[in-house]
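Engineer: Let's have the full structure, built from the sequences with the hints guiding it.
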Amino acid sequence: MLQDILSIAEVEQHIAAGRTLLLAGEEALLAQLPTGNWVGGTSPFFITTQQCGLTPQGKIFVSDISDIVQHIEIKIYSQDTLPNVYNDAGEKGFSFIIIPGGSALHASFALNGPNYANFASQPLVGWISGVHPDNLGVQTPKICNGQTGQMSDQEAVVMHVTLVAGKTVDVGIINIFEPDNGDILTFPNNGFTCSDVAVN
Numbered sequence: 000m001l002q003d004i005l006s007i008a009e010v011e012q013h014i015a016a017g018r019t020l021l022l023a024g025e026e027a028l029l030a031q032l033p034t035g036n037w038v039g040g041t042s043p044f045f046i047t048t049q050q051c052g053l054t055p056q057g058k059i060f061v062s063d064i065s066d067i068v069q070h071i072e073i074k075i076y077s078q079d080t081l082p083n084v085y086n087d088a089g090e091k092g093f094s095f096i097i098i099p100g101g102s103a104l105h106a107s108f109a110l111n112g113p114n115y116a117n118f119a120s121q122p123l124v125g126w127i128s129g130v131h132p133d134n135l136g137v138q139t140p141k142i143c144n145g146q147t148g149q150m151s152d153q154e155a156v157v158m159h160v161t162l163v164a165g166k167t168v169d170v171g172i173i174n175i176f177e178p179d180n181g182d183i184l185t186f187p188n189n190g191f192t193c194s195d196v197a198v199n
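In numbering that gives the first Met the number 0, the protein residues as written are 0 to 199.
Simulated from the structure, these hints should not be mistaken for lab results. Incorrect hints may have been included.
With a straight-line Cα cutoff of 20 Å, these simulated SDA-like cross-link-like pairs (lysine to any residue) come out [what the hints assert, rightly or not]:
(1) LYS91 to PHE118
(2) LYS74 to THR147
(3) LYS166 to LEU123
(4) LYS74 to GLY148
(5) LYS74 to PRO122
(6) LYS58 to ALA30
(7) LYS91 to GLY171
(8) LYS58 to GLY148
(9) LYS91 to ASP169
Quick list of simulated restraints, FRET-style, between CB atoms [to be verified]:
(10) ASP66 to GLU11: 16 to 26 Å
(11) PRO178 to ASP66: 39 to 49 Å
(12) VAL163 to SER77: 28 to 38 Å
(13) LEU184 to VAL163: 42 to 52 Å
(14) MET0 to ASN83: 21 to 31 Å
Only a predicted model underlies this, so the values are computations on that prediction, with no experimental measurement involved. Just so it is clear, CB atoms sit at the ideal spot from N, CA and C, and this is done for glycine as well.
Structural biologist: Spelled out as structure tokens, the structure:
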């Protein structure tokens, strides 16, 4: 699987060749790309095997999964339809999801995901799209369906992948946090921000 940071021209070549791609980059760059077998989300930061925290201007982070893919289906999900995401997944593969950061859908997924029908019956991996901190309040994180060119800041895009014979996906979770015996903090409301907390 190729993972690299490429120019617009290089990404266009991969799309024209029919490659299956997962893309991350600035909104203006994703909007320039031709339609094809790809999904994307806005992000100013990239991590490679050599470096992390990169913000290369005019470049797109590319994961090319073509060599393990037999078939894909790309779907857009709203807050009402996302609970069906596991039902829509194939039996021999995985699903890749991108959700706009800070959106109502982001909050709903974080709170309600474990209650979705057939939760975790198939591997679901992905990431939350974002914008550069300097552009918060000016731009919104977005996703893109590469087959149609549709972009959204309130919906998720999912690529359901059927793997080629002989390939499987094993998803693990790394949690660097663990509880301690300190104060117990209780928050009155669910969400990503708070103004009140009860201690003990």
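Engineer: Provide an ascending list of the numbers of those earlier hints which the structure does not satisfy.
Structural biologist: none
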